[in-house]
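Enquirer: Work out the full structure, taking the sequences as your base and the hints as a guide.
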Amino acid sequence: MSENIKQIRVALRNCGFINPESIDEYIAADGYEALGRVLTEKTPEEATKEIIDSGLRGRGGGGFPTGVKWDIARKVESDQKYVVCNADEGDPGAFMDRSILEGDPHSVIEAMAINGYCIGADKGLVYIRAEYPLAIERLKTALDQAREYGLLGEDIFGTGFNFDIEIRYGAGAFVCGEETALINSMEGHRGEPTFKPPFPAQSGYLGKPTNVNNVETFANIPVIFNKGAEWFASIGTEKSTGTKVFALAGKINNVGLIEVPMGTTLREVIFEIGGGIKDGKKFKSVQTGGPSGGCLTEKHLDTPIDFDNLLESGSMMGSGGMIVMDEDDCMVSVARFYLDFTVEESCGKCTPCRVGNKRLYELLDIISKGNGSNNDLDKLRNLGEVIIDTSLCGLGQTSPNPVLSTMDNFWDEYLAHVEDQRCPAGQCKDLIRYEVIEENCVGCTACARNCPVNCISGERKEIHHIDQSLCIKCGACFEKCRFNAISVS
Amino acid sequence: MAKVKSLADLKKMKEKLQSDISLRENSKHPEGMVRVKVAMATCGIASGAKDVMEFFTVNLQKRNVDAIVTQTGCMGYCYAEPTVEVKLPGQEPVVYGFVDIKKADEIIEKYIKQGEPVDGIIPVNYETIDKK
Ligand SMILES: Cc1cc2nc3c(=O)[nH]c(=O)nc-3n(C[C@H](O)[C@H](O)[C@H](O)COP(=O)(O)O)c2cc1C
Ligand code: SF4
Ligand code: SF4
Ligand code: SF4
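For the protein sequence lines, the chains are V and H, in the order given.
No gaps in the numbering here: position 6 of the first sequence is 5 in numbering that gives the first Met the number 0, and each next residue is one more.
No gaps in the numbering here: position 36 of the second sequence is 35 in numbering that gives the first Met the number 0, and each next residue is one more.
If you're looking for bench data, these hints aren't it; they were derived computationally from the structure.
Backbone N, C-alpha and C define an ideal beta-carbon position, used for all residues, glycine too.
Certain hints may be false.
Think about it this way: if two alpha-carbon atoms lie no more than 30 Å apart in a straight line, the pair counts; the simulated DSSO-like pairs of lysine-lysine are [to be verified]:
no., chain 1, residue 1, chain 2, residue 2
1, V, LYS472, V, LYS280
2, H, LYS102, V, LYS5
3, V, LYS122, H, LYS13
4, V, LYS378, V, LYS348
5, H, LYS86, V, LYS48
6, H, LYS11, V, LYS139
7, H, LYS86, H, LYS49
8, H, LYS13, V, LYS48
Pairwise CB distance ranges, derived in the manner of DEER restraints [claimed, not checked]:
no., chain 1, residue 1, chain 2, residue 2, range
9, V, THR389, H, ASP99, 51 to 61 Å
10, V, SER77, H, LYS10, 30 to 40 Å
11, V, GLU76, H, GLU53, 53 to 63 Å
12, V, PRO91, H, ASP129, 33 to 43 Å
13, V, GLU437, H, VAL57, 51 to 61 Å
According to the in silico footprint, chain V covers these stretches of chain H (three or more CB under 8 Å from chain V) [stated by the list, open to error]:
no., segment
14, 1-7
15, 10-20
16, 40-53
17, 68-77
18, 113-127
Expert: Okay, here's the thing in structure tokens:
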């Protein structure tokens, strides 16, 4: 690979290249050839082995080896099995799966059919959130085209293999991305997780063996057959093969969708591909893994990104959201933001998650208002650990991660809030004050004209004053003053 | 449309499709065509890609340029949407970022009609599976 090119497009091989509404363009780009070859040249066992050999691990968060999962579902005896594509994509800031479905829907359809052949299923279901109308529309068009060409339906490639796919809509609950909750939701029940085992591969949709994989996981499958398991395994690291798609967001210059080999460092992603931090500010932290993940810092920048390294650093791969933060971001606020999300999205089935996360949120709220004590910091940590240990599903088992990782990596910032009632990043509204620096004020009135609550008074060419009892700390005056006459403290 | 009944069918179809495309895009004249792809995923559309695509479609025809305008998915440069790829016959494709109507007009008049470079090109920053 050449010096400055860090990306390689495997899952995104067609995204942005072909017309997603044209099956002909997909076929011209080797589309459906993998399905044809698998059906005519390989037994289900051989095809599954190819996936095992590729080392592909699930891209939906857990990183479970895909081939092994298929093998388990393949070996379970049943009159009916199902293939499910998880397109719920609930992490805030993530849009990898949406982009794949909008840009290359046939790759997912082809992979689901291959999966059906491998495990012995003739029916596939795509669970997609209703907030993705364009992805749904393109997927529907693609399904119609595949049926028209005989690539879905009966006797595919003249081999006697039947397979078809239906779409199921989710209402956009984060917890419905968890596979057991997803299956409950597809069956028309409440979207609540259930205890595992039994795993979906044993008893899933309608009690039948079901293989659930993520959109991006599926998008990799056809390439593995077209280029070979060995080729795939040659990309990435030993234990995490292939590539990962990330949605780069936050305070970074090149916000966008990227795909890098596993083992690329955070530094390469943020500073080379991402073009560094916006407005020349200083890098502070990067959040990976969404509400289940953690915040990594400067010292992790040279860690090669793979499933195991991220876990070891106190975060996780998650589905691929990557939010970059700069010196102006307060880590206590960031933790509180994720907790707020979790409290909103917890299904409420089990107490540690339903009540525990609410208490965690309240503690963070107290701290960010400057009313916390050292005792509260201890409570935060203990409670977080208990929630991890005792929650029923992955949501609760990971929800304290943003809190614990920011405590580990930004302890000083927590201490500043608690001991000095100070927010070093100047973000926590209750801990900051905007004041006019009288020596610098020339009375230009810019601040007063821009204050949304009209709490700045002063005549033209005279020193202005802020009425602290009315100020909502929006920062408008600070931004508008060209004379450095407003201070934040 | 004929059904694909075997792997051989699919391969035949693929060869035909591929040669159609390369005929269209690579031979200079008379079939040589300009190909414009507009990234029309949610991110692109939100930044105005629909209007840009419409502008290319209408104006290339009006100005007598033999071209096909198609939509495609997200090219990954969400910070620079709308993004548009332009491929002149027999040349490597180039991707432009931040393409509004004014830029689109410049691309048609300068790059497509006269082959003159227009700034705003996003350099290729990835490898494809065929190269790796
Ligand atoms: C709270 C929670 C949310 C999840 N959300 C998603 C999701 O949006 N998309 C997804 O593919 N997997 C999600 N998962 C993981 C799924 O349970 C499941 O492991 C995954 O779909 C399996 O596919 P994979 O092996 O291809 O990754 C979530 C898990 C949890 C605990
Ligand atoms: S951990 Fe939370 S989301 Fe999961 S089952 Fe318990 S209450 Fe529901
Ligand atoms: S904008 Fe600055 S200089 Fe002008 S009146 Fe306000 S504080 Fe004074
Ligand atoms: S921070 Fe906002 S509300 Fe407060 S004085 Fe300045 S402009 Fe007015």
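Enquirer: Okay, which hints does this one fail, numbers in order?
Expert: 5
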